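So the sequences go chain by chain: A and B. The first sequence begins at 1 in UniProt numbering and counts up by one. The second sequence begins at 1 in UniProt numbering and counts up by one.
Just so you know, not all the hints are guaranteed correct.
[Said to hold, decoys possible] A few chain A residues that face chain B, going by a derived Cβ cut-off under 10 Å, partial list only: (1) Gly-88; (2) Ala-163; (3) Pro-168; (4) Pro-182; (5) Leu-186.
Please keep in mind that the hints were generated in silico from the structure rather than gathered at the bench. Being a predicted model, the structure only gives us computed values, none of them experimental. For glycine and all other residues, C-beta sits at the position ideal for the given N, C-alpha and C.
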Amino acid sequence: MAKRIDVKDLNIYYSDFLAVADVSVDIEPNSVTAFIGPSGCGKSTFLRTLNRMHEVIPGARVEGKVAMDGVDLYGEGVDPVAVRRSIGMVFQRPNPFPTMSIAENVLAGVRLNNRRISKGDAQDLVESSLRGSNLWNEVKDRLTRPGSSLSGGQQQRLCIARAIAVRPQVLLMDEPCSALDPISTLAIEDLISELKDNYTIVIVTHNMQQAARVSDRTAFFNIAGSGLPGRLIEVDATSTMFSSPREKATEDYISGRFG
Amino acid sequence: MTTLTPTPAGPPDLTPDSTADTRALLAGMDTRRRVTDKVMTGLVVASFVIALIPLISVSWTVLSNGLDRFNLNFLSVSMRGVFGGMDAGGIYHAIMGTLEITALAALISVPIGLLAAIYLVEYGRGALAHTVTFFVDVMTGIPSVVAGLFAYALFAVVFGPGVRFGVVGAVALSVLMIPVVVRSCEEMLRLVPNELREAALALGVPKWLTVVKVVLRTAIAGIGTGIMLAVARVIGETAPLLITVGVIDSINFNVFDGRMMTLPVYVYRQYSQGLVPCNDPAAICIPTINYDRAWAAALTLILIVMLLNLAARLLTRVFAPKTAR
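This is chain B alone, in the form it adopts within the complex (with noise of 0.2 Å):
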């Protein structure tokens, strides 16, 4: 090819071989590496894809199982008088009750755990703040079951064995909550640069504002989704309100008195009471009535979970800090 081409294109003292040898420094296979990058390539694909698998799998099991069921009587009327394979019954009282005993933890935790969690950032120092640390630490581990049983046996002390209500359920989810709270609130106060602490005290404005005008302003998006994420992760409990808040088939406002349904529970409920046998022709039964309910009562609990998030994300946007754009 070259003895073709008397001249060479190019500068007078680029000769073919030498731009051979550029060529081949420069495109030259690095087989190993290319496998080495296809392979790596492939596997974190494949990981995304299997850690997906559950996530579809789950969202549409509980839509394909759930939305027969779920409609807008079956979100409007309790279980009362409701027995055998009746076709009627719904979740209201479940879902109020999950609401409000939720709302009730987020708010004993979410003062506390902020609290805490401001001490740890800006004001511990020494042993009292490793001690609060380590107490998180440990707290985060409780199994659900024994925060219902702490909290059933705190009340115990006082209104006796057996006691039941709402009050009780939301100060389990708070045993919950609180070190979530805490954890995901440092995170966040911690990624506020210290150079905005120095600007507002600098400019002669006291901590405790500074703190609250400054810091909690900047992370106010991040601890927003911070709580979001642990109310979500409290609205799914079953194990302590089952001991706690206890079951029951009509409405119950009143988290002060007396026992209310959760959605978690009323799903266990449903599940546990199993198929219903239909011996009477006449009557309308539905054997797997049960079930259905169970399916449609867990697609509400991921839909207020899903709604809660969305709200969290607009709340958060709009607080979120101005960025040039």
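One chain only, chain A, in its complex shape (with noise of 0.2 Å):
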């Protein structure tokens, strides 16, 4: 069910801005990636070319291949639809419906998209996706209430619960746990090395011992200086990174030099 992402020299453009270039790089199936790097050096924004998330945004465009088990996202023919569908994403903020209650919104990518579901498939979808996100215990006996009722971390397990209920081959993450505290984090790691057995997983985040605890593999990026485009310095196994970098920047990056 998990699938690989190829990414080969891909600039990525607000209007006439270059905000990254020339990103290379390969995601492999049932692994966690993260991308670590300063703020603004362009993390969020490659994560958001790689389910079409990027060109929402007016004047957005992307030039290069980004190639899913080898079809090109950007290729001829390509619904964006399609490709959100099969690559999910969660975000740095919960946000989950707030007209919607937790069942409703676990169900959202089917009701959403006027597809019908029997009540038995419908209850047995909640529950699976809310298993999967480790929150089913939690909400089990209030699955009607709202689902804004719910505290900040069981919201982002929400919305986790939410993207995999569509069943994504890859699940993209953007600083997931940013807006959560150390035990909701902690939950949501957990959660990520679960996932990883049925997902390919891409993770952004600012904490680099999350990406050592959690990820496979390691994607460092960096900005030279304001205007200039962001550029993926290396990628690596975690390991590796996080003991014998190749690049100096990656190094002072890790060890807190700066950023």
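Join the two chains into one complex using the hints; note that each chain is given alone, in its own frame.
Shown next, in the form of structure tokens:
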């Protein structure tokens, strides 16, 4: 079910401004790839190009190739809506739909697409998705309560349940723990390790310990100065990156000398 | 005082002096700030009271003048065959006319206004969006009598001069209502957090479904209120209806044919007829009957707007985003 993503010579623009330049990276299936780097270096921007959420912003566009199992996501005839169904996304701030209950939030991907689903199937999907995001035991007695009644960490796990309910092949996470306390963060990190069995996971994080804890491979992005494009400096197995990185900049960043 | 107490209470390094200094620091009277605070509070309260005076005064005047005539019979009969100072006549025809024409105007304005607002917020970029915004602003400033003349002129092209029926009035009211609907819906749609749009898009929901099922659904309470305000804005319009729908004493339900009476026009008409000369002492004649009817009709109009407001509030409460409680 999990798929690989190969990015080749990707340039990312906001109108005429080159935000991220010349990224080539391979994202392995059934693994966790972490993007680290200082603020404004284009990690999130790059992440959003992987499921074509980048182009939602007016004027945003890309050049280059992003291929999932060999199919160019920006190629002729590829439907961005279908891309987003197979490559799910979890955002920095938990964003459950305020008009929907917990169960409805999980089913949002189905219901918002006007797809019919039997009551039994819906219940099964809610349960399996919430179990998948380790939230089932906490909310099983109040599925009809509003999603916004949950705590921040629970809301974020609800958003993960909502994302996996669409059964994507890849799950992108944009700093999923930055708005959460350490206990909720731990819950999400445990969840990421479990999700790895079924999904390819890409996570952007500002927290280097988190990258070291959860990821198999780490990519370091950096920016030379404001107004200049962000670049991928190096990517390697996480253990290598944190022990003996090839680039000086990576070592400086990881050891806390800047950023 | 300090000389009488040998050992001050508290920690040993706390001298009466330092306590006094701290007290002076924390409880010192910043007289100027306190005075300013009192003056501004007074001003705010006074402005509020002044703003309330006309509202209470209007409500009181309309109630006290209108309640005399306001009864079930007045609400359920028309003015057909009523003349002079007769103790008869009602506003049934005007109520129906106002409700029908306003409903029709809302039916025309709400889809157009809402779609325009969706275009401006969700899709519009560049020159076209700017043009639409500009003309919506211009339309907001159109005097209502001009809207009436416009609608009349539009229909006169097809039906010839002197055309008067309900739809013409509804079109005139729509011209006034559309910009208000666009503006308020636009505000409400912009209030929907972008994160919700992105959340839906990232689930693989097409843009139009995102707009319909997430953005509109989230903003529906505000949109309902906005539409109600727009209705309230046009339901009391007199001049355009006088031009386009005219005046009639009997009941006409058909908005596609013939003149209709509406409440604001009824009020104007009754008021302009003035006092009735009562010469025959034998007949029942009320000299102020026309004024009484005008006040009672005005009261009815206010009550209708209030009822619509209440209904809208109930509806929006049902649809409002569920908040944690």
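For each hint, the structure was consulted:
1. Gly-88: Since chain B brings a Cβ to about 7 Å from Gly-88 of chain A, closer than 10 Å, the hint holds.
2. Ala-163: 7 Å, holds
3. Pro-168: 8 Å, holds
4. Pro-182: Status violated, d = 23 Å.
5. Leu-186: Hint on Leu-186 of chain A: violated, closest Cβ of chain B at ~24 Å, above 10 Å.
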